[in-house]
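We have chain A already, so just place chain B on it with the hints.
Here the protein sequences line up with chains A and B, keeping their order.
If you use numbering that gives the first Met the number 0, the first sequence closes out at 197, no skipped numbers anywhere.
If you use numbering that gives the first Met the number 0, the second sequence closes out at 287, no skipped numbers anywhere.
Just to be clear, a hint being listed does not mean it is correct.
Unchecked claim - If you want the footprint, here are the derived chain A segments under chain B, 3+ residues with CB under 8 Å:
(1) 45 to 56
(2) 82 to 95
(3) 100 to 112
(4) 136 to 143
(5) 167 to 179
Said to hold, decoys possible - Here are a few chain A residues that sit away from chain B, every Cβ distance over 12 Å (derived from the structure):
(6) 60
(7) 147
(8) 151
(9) 156
Since the hints were made in silico from the structure, they are not lab data.
All values derive from a computational prediction rather than experimental measurement.
Ideal Cβ placement from N, Cα and C applies to all residues, glycine included.
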Amino acid sequence: MADTTDARSRRIAAAGEPTHKPSAGQTVGPFFAFGLGYPKMHEVGFPHAPGSILLSGTVYDGAGAPIPDAMVEIWGADSDGRISRARGSRRRDDHTFTGFGRSFATDEGHYEFWTRNPGAVDGKAPFFAVIVFARGLPDKLHTRIYLPEDEERLAADPLLASLSDEERATLIATRTPEGNLTHDLRLQGEKETVFIRF
Amino acid sequence: MSFTDSDPSGEEAFSSSVVLEQPAAAPESLLASADMPPQRQITEEIGQLHAEAARREAAGDEVPATLYDFAPYRSSILRHPTKNPRLVDPETIELFSPAFGERDIAAIERDLTLQHSGEPLGERITITGRVLDSWGRPLPNQLVEIWQANAAGRYIHQRDQHPAPLDPNFTGAGRTITNDRGEYFFTTIKPGPYPWKNHINAWRPAHVHFSLFGVAFTQRIVTQMYFPGDPLFPLDPIYNTIRDQKDRDRLIATYDHDLTVPEFSMGYRWDIVVDGPDATWFEPEGSH
Numbered sequence: 000m001a002d003t004t005d006a007r008s009r010r011i012a013a014a015g016e017p018t019h020k021p022s023a024g025q026t027v028g029p030f031f032a033f034g035l036g037y038p039k040m041h042e043v044g045f046p047h048a049p050g051s052i053l054l055s056g057t058v059y060d061g062a063g064a065p066i067p068d069a070m071v072e073i074w075g076a077d078s079d080g081r082i083s084r085a086r087g088s089r090r091r092d093d094h095t096f097t098g099f100g101r102s103f104a105t106d107e108g109h110y111e112f113w114t115r116n117p118g119a120v121d122g123k124a125p126f127f128a129v130i131v132f133a134r135g136l137p138d139k140l141h142t143r144i145y146l147p148e149d150e151e152r153l154a155a156d157p158l159l160a161s162l163s164d165e166e167r168a169t170l171i172a173t174r175t176p177e178g179n180l181t182h183d184l185r186l187q188g189e190k191e192t193v194f195i196r197f
Numbered sequence: 000m001s002f003t004d005s006d007p008s009g010e011e012a013f014s015s016s017v018v019l020e021q022p023a024a025a026p027e028s029l030l031a032s033a034d035m036p037p038q039r040q041i042t043e044e045i046g047q048l049h050a051e052a053a054r055r056e057a058a059g060d061e062v063p064a065t066l067y068d069f070a071p072y073r074s075s076i077l078r079h080p081t082k083n084p085r086l087v088d089p090e091t092i093e094l095f096s097p098a099f100g101e102r103d104i105a106a107i108e109r110d111l112t113l114q115h116s117g118e119p120l121g122e123r124i125t126i127t128g129r130v131l132d133s134w135g136r137p138l139p140n141q142l143v144e145i146w147q148a149n150a151a152g153r154y155i156h157q158r159d160q161h162p163a164p165l166d167p168n169f170t171g172a173g174r175t176i177t178n179d180r181g182e183y184f185f186t187t188i189k190p191g192p193y194p195w196k197n198h199i200n201a202w203r204p205a206h207v208h209f210s211l212f213g214v215a216f217t218q219r220i221v222t223q224m225y226f227p228g229d230p231l232f233p234l235d236p237i238y239n240t241i242r243d244q245k246d247r248d249r250l251i252a253t254y255d256h257d258l259t260v261p262e263f264s265m266g267y268r269w270d271i272v273v274d275g276p277d278a279t280w281f282e283p284e285g286s287h
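This is chain B alone, in the form it adopts within the complex:
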């Protein structure tokens, strides 16, 4: 089909009976925000939204720990629901979660420094912690999946455009199954902070993505673990989608010198608590 100069938009070329789907935008083109405001404006917006959430909570509203409607995180503007999720009583299927076990994972997958022929660059670290339910009971046999940027702040994902070097000896993905005490162990390198296009001079604090299931599908959680003392915390709209300081603090790992291995690696400890109240459901022996 060709368009003439007299009809540059091509509108007449399409009959009204033909519905054309808008072609999908290239995913890279969606990564930059439309307005690219300065950091000062983003920080101001974060403060306003935290204050508003605190007011709503004080007034008796039920406000989620992570705010869905959070404009400082620009790509959330068109991607958050405008209606509150309905409170429902979980049905039976939602009170179970997929069963994972050693069969799903090879033991070596918890060491992100052993996936290539050479050693990755960066600060070698171990991360360990427990997966707990809302009553502090450890959850064994839990699949824990993690992914992260390399020491230079670059993801191996092909759409990451940050011009920091890839590390041929680091992919940045690992997974494991919690042991009988609900513990997980990873060996990796400390990820670098990472620039993104939410606003001018936007940098994500160094973080590791975590994904877990819990014992009920209702407990499924994807979150991020951060490192203590990061100066980027107050500036980051994603970290601050969590409205309460105490909740934000609990995503920060603790440096634990007892976990640090002499002349080898720095140790961090981080527990994850999945949401109840459905943790009261225990699978009856021999059922299903």
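Chain A with its partners taken away, still in its complex shape:
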């Protein structure tokens, strides 16, 4: 991934070497719900608005057991590919699309969001940027959930192109007949989700 390293170097070159070392991340722990929860946090888009879809799945551990104390966050463009700069992700007004949502896994490890299909940004394959947190996970994990339809753009995506078919499958959601999206996240083991860093 020489291109990536070059791009990273270019970004550093633009501002000079960082002068401050980043604070280290820590686990979200088991008892985050009362600190991070808020009303309608998983309603990135209003559920009953046209174009609303459900993005959902299960978070699994290395033994294939669901993780009940996980938190999933998504951040994505609107369906026309625009990136929302609207405030109000933490206090929903039921009509503004802010692009950000947060979902706590249920006791069965299930997460879900009401959101919209992100559109292509800069002509690239559309995806949700995703972060997973959990008790027992020492730091955050970044990944992506790509929409399954646009095969041409998926084929042109640098991350997907660098992966085996099996790894690639862990990043592309499944469309249900109802038009919703399902996508499981596996922190470890068979079909382990491909996680990313920047």
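Structure of chain B alone, referenced to chain A:
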């Protein structure tokens, strides 16, 4: 469905064409580790893993500041990825973060001592600091969310089984937005140390959980702030998932007597630095 004595496992009752999902375990049952080793063993394992990480780094490996594969923290054993995360060039969406502002938060939410009709028990403290990028530039308009145990070391979370008293005047959750200088301010009470079931006699050092976004989604951070001089630091597997002493030290707030308010509260200062290099991205005026 009933099982007979001759088939106590019930295996024959299920035809091979039926796939039964394993029912999810009760979350409380997952909180205790399988082996419950003594502290001595955990401390030894921590030392070994820190030494190994230092060796790998000296050999030129890129080792993350926080170790994902860290068995002394027993619940991480089945929850850490076995493959290294792929280094990718962030796409445009990842170079933005959700926009938060005063609209999202009421000013009073930064005072955790004012959420009930009475005053919480414990040592009243203020915590203040700046949110900075990797070049030391302050980040205004940053959402900072915190949560913590009460003075007795008890979380209000319904699955916390520590038999310490709940405080009817303390919830332990607060949030704020950084000002133009990137500063945040919280008033709260000092949390107590907290027992957990990672190993025999496991206690977490007193800490406050912090959650921040940064100006790019790549900079998102959830971490914990600790208090100076805690004797539990070398014993705690979560604190020690951070392999380097200097990185661990930087999660410890500084007691600042100038922040201490006479006859009212003790003052602590703690800066948070979000990860670059994507902090070089600035939103063009009027775009999006």
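Now for the hints, and whether the structure bears them out:
1. 45 to 56: violated (count 0)
2. 82 to 95: Three-residue rule met by the stretch 82 to 95 of chain A, so holds; n is 9.
3. 100 to 112: Coverage by chain B holds for the stretch 100 to 112 of chain A (3 residues, Cβ < 8 Å).
4. 136 to 143: Satisfied; 6 residues make the cut.
5. 167 to 179: It is violated: at least three residues are needed, and the stretch 167 to 179 of chain A offers just 0 whose Cβ sits closer than 8 Å to chain B.
6. 60: Violated: least Cβ distance 4 Å, not greater than 12 Å.
7. 147: holds (18 Å)
8. 151: holds (17 Å)
9. 156: violated (9 Å)
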